[in-house]
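S.K.: Protein sequences, first through last, are from chains A and B. Under our numbering, the first residue of the first sequence is numbered 1, with each subsequent residue one higher. Under our numbering, the first residue of the second sequence is numbered 302, with each subsequent residue one higher.
Keep in mind the hints are simulated off the structure, nothing from the lab. Do not take every clue at face value.
Chain A is faced by these chain B residues, among others (derived, beta-carbon under 8 Å) [as the list claims (entries may be wrong)]: (1) Ala323; (2) Phe324; (3) Val328; (4) Ala334; (5) Val347; (6) Leu380; (7) Pro382; (8) Tyr400; (9) Phe437; (10) Glu453; (11) Thr476; (12) Ser479.
Cβ atoms here follow ideal geometry from the backbone N, Cα and C, with glycine treated the same way.
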Amino acid sequence: MASDPDVGSAAWAAFWYRPGSARNLAAARILLAATALWVVLSRADLPSVLAFPDELWSQVSPERRLRFLIVFDLGVERILYAALHVTLLTALLGVLPRASCLLSGLLLYHFAPFETIIRTGNPYLRGLTIPTLGLLVMSFSRSGDALALFGGRPRDLRPPALSWEYAWPLRLVQVLFCQIYLFAAYSKLFASGGAWLEAANLRGHLLVLNQALSEPPETSWGYALARHPALCAGIAWAGLLLELAFPLVLVSRAARVLLLPLAFAFHVANSVLFRFFFQNTPLLLLFVDWQRLLPGRREAT
Amino acid sequence: MSDALRSLKWMEPAIDVCRLGAFLLFVALGLLAAWRAGGPEARRRVDALLVYVLVLTALVGLAQQESWPFAQWALVSGLSPRRIRSLEVQGLDATGRGYVVDLRVLQPLSPEEFASWLYANVWAMRPSARERLARFLLCRAEQGRQRLRRGERVARNQWLLGPLAAPYHFHDARTWRSPAQVPATPFTGVRAFFIEWDVEERFRHPERITRRLLFELDGIGS
Numbered sequence: 001m002a003s004d005p006d007v008g009s010a011a012w013a014a015f016w017y018r019p020g021s022a023r024n025l026a027a028a029r030i031l032l033a034a035t036a037l038w039v040v041l042s043r044a045d046l047p048s049v050l051a052f053p054d055e056l057w058s059q060v061s062p063e064r065r066l067r068f069l070i071v072f073d074l075g076v077e078r079i080l081y082a083a084l085h086v087t088l089l090t091a092l093l094g095v096l097p098r099a100s101c102l103l104s105g106l107l108l109y110h111f112a113p114f115e116t117i118i119r120t121g122n123p124y125l126r127g128l129t130i131p132t133l134g135l136l137v138m139s140f141s142r143s144g145d146a147l148a149l150f151g152g153r154p155r156d157l158r159p160p161a162l163s164w165e166y167a168w169p170l171r172l173v174q175v176l177f178c179q180i181y182l183f184a185a186y187s188k189l190f191a192s193g194g195a196w197l198e199a200a201n202l203r204g205h206l207l208v209l210n211q212a213l214s215e216p217p218e219t220s221w222g223y224a225l226a227r228h229p230a231l232c233a234g235i236a237w238a239g240l241l242l243e244l245a246f247p248l249v250l251v252s253r254a255a256r257v258l259l260l261p262l263a264f265a266f267h268v269a270n271s272v273l274f275r276f277f278f279q280n281t282p283l284l285l286l287f288v289d290w291q292r293l294l295p296g297r298r299e300a301t
Numbered sequence: 302m303s304d305a306l307r308s309l310k311w312m313e314p315a316i317d318v319c320r321l322g323a324f325l326l327f328v329a330l331g332l333l334a335a336w337r338a339g340g341p342e343a344r345r346r347v348d349a350l351l352v353y354v355l356v357l358t359a360l361v362g363l364a365q366q367e368s369w370p371f372a373q374w375a376l377v378s379g380l381s382p383r384r385i386r387s388l389e390v391q392g393l394d395a396t397g398r399g400y401v402v403d404l405r406v407l408q409p410l411s412p413e414e415f416a417s418w419l420y421a422n423v424w425a426m427r428p429s430a431r432e433r434l435a436r437f438l439l440c441r442a443e444q445g446r447q448r449l450r451r452g453e454r455v456a457r458n459q460w461l462l463g464p465l466a467a468p469y470h471f472h473d474a475r476t477w478r479s480p481a482q483v484p485a486t487p488f489t490g491v492r493a494f495f496i497e498w499d500v501e502e503r504f505r506h507p508e509r510i511t512r513r514l515l516f517e518l519d520g521i522g523s
């Protein structure tokens, strides 16, 4: 009979190293690069924040500048920002994919905080957190062995065999993505306890967000929902349960079939009702088995 | 525990350096894992990376203390406040008439970042600093007015993708929808207010808000 450490070790190996497909890993590279490129193309001249009045930078310590290497002048930053567009495009297309992913990840680490740096060095929920980590993970792995114009393998070879080397990087990015939901639920209970689930609390959030962000709030969907306490309570419970359950997609195909569409609907509802937008919604596609869906030859086992 | 950690504000610079160290260690372990493929040694290097990421993200998530890009993912986690405030900027024409400015003119900075910064700092600012800030706002408001009058997009973030551009996390209120909402002549001054209200009271009576003037710059030459 196996001892507990053996069981744990086998479970660890089964989760991280069960042979995976080069295509699924490459699809993750493309999704991460495309999502990041979409956000970057939607932030016009981000380095120009450097030229904002000095007062706005007064609370940014030298250590925080050092943390994100915000030490160059505006001209250099604009060149680097242009370079980020190029590296994201080459990561997406699979031109020197690992080098492109590494440069993209490092440049995203540098530029993502520009959106919030005057107030905080924590630019989460701005759409670049998972792409930053994910593209770095792609650079550590053989993410260019498939779906690449100029990848790491000669193009005339048959598709690469399933390998543990294609499995762990995708699993790691999926785990990082699931943490969004898990810690979002945990943070609600950590900060507010059971009171967060009360109808009055959810109604209050609906009113606050729509009063602050809708023009005019009176005609918003959030206001319409706020008039129905039972619905407010139901949505609070449903949202929290979805967040807690979402990590099941890591281990269950049935959970993926159920929870991925629900998560998509959840983000649409958040956008319409609460006026906040989740830029990483396309990354739900990280959980799709592209090896089955994409045309072409299957990989050898 | 989280509150206790937040109270150590004076340690923030040192903690920022530690956060940089946490990120650099992640990159270093990743590069080590990538160094050579195959064999049990390669698996051990990957194991080290995986364990590091899992431990670090668990610490960040459970303690609710960021070490970006390892995030705590708190999202609307507090209880809803009874009173809130918002920023309103008005551009002034030569006659002194005020026009509400669409805060998308601040892009690539999001309105909520600017407003949050202002809440935290405006009362400690010297008059000369407030004037510099007001001139910056006036410049941005006037550039936005000109774009709107020319029929261009107010939101500079939409320069390439138009309405398909990725929004900020919090949707911006689209204040300007028509050129008629701004004067034909340039803004010559600017006012900034905090608008404050009781959430439930405003739900019943939309007009019940109070304005608190932060600063005013009246006339470019003044």
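S.K.: For the restraint on Thr476(B), tell me whether the closest CB of chain A is nearer than 8 Å.
M.R.: With Cβ-Cβ at 6 Å, under 8 Å, it holds.
S.K.: Given a cut of 8 Å on the nearest C-beta pair, is the interface hint for Ser479(B) held or broken against chain A?
M.R.: Violated. Min distance 13 Å.
S.K.: Would you check whether Ala334(B) satisfies its interface hint, that is, whether its CB is within less than 8 Å of any CB in chain A?
M.R.: The hint holds - Ala334(B) has a Cβ within 8 Å of chain A, the shortest such distance being about 5 Å.
S.K.: Return the status of the interface hint for Phe324(B): holds when the least beta-carbon distance to chain A is below 8 Å, violated otherwise.
M.R.: holds (7 Å)
S.K.: How about Glu453(B): closest beta carbon in chain A under 8 Å, or not?
M.R.: With Cβ-Cβ at 13 Å, over 8 Å, it is violated.
S.K.: The hint names Val328(B) as touching chain A; please verify it with the least Cβ-Cβ distance against 8 Å.
M.R.: Result: holds, 6 Å to nearest chain A Cβ.
S.K.: Are Val347(B) and chain A close enough, Cβ to Cβ, to be under 8 Å, as the hint says?
M.R.: It holds, given that the least Cβ distance between Val347(B) and chain A is near 6 Å, below 8 Å.
S.K.: Given a cut of 8 Å on the nearest C-beta pair, is the interface hint for Tyr400(B) held or broken against chain A?
M.R.: violated (15 Å)
S.K.: Verify the interface restraint on Pro382(B): the C-beta must sit less than 8 Å from at least one C-beta of chain A.
M.R.: holds (7 Å)
S.K.: Grab the minimum C-beta distance from Leu380(B) to chain A and call the hint holds if it beats 8 Å, violated otherwise.
M.R.: Holds: closest Cβ of chain A sits about 5 Å from Leu380(B), inside 8 Å.
S.K.: Let's test the interface hint: is any C-beta of chain A closer than 8 Å to that of Phe437(B)?
M.R.: holds (5 Å)
S.K.: Given a cut of 8 Å on the nearest C-beta pair, is the interface hint for Ala323(B) held or broken against chain A?
M.R.: Status violated, d = 10 Å.
The earlier numbered hints that this structure contradicts are 1, 8, 10 and 12.
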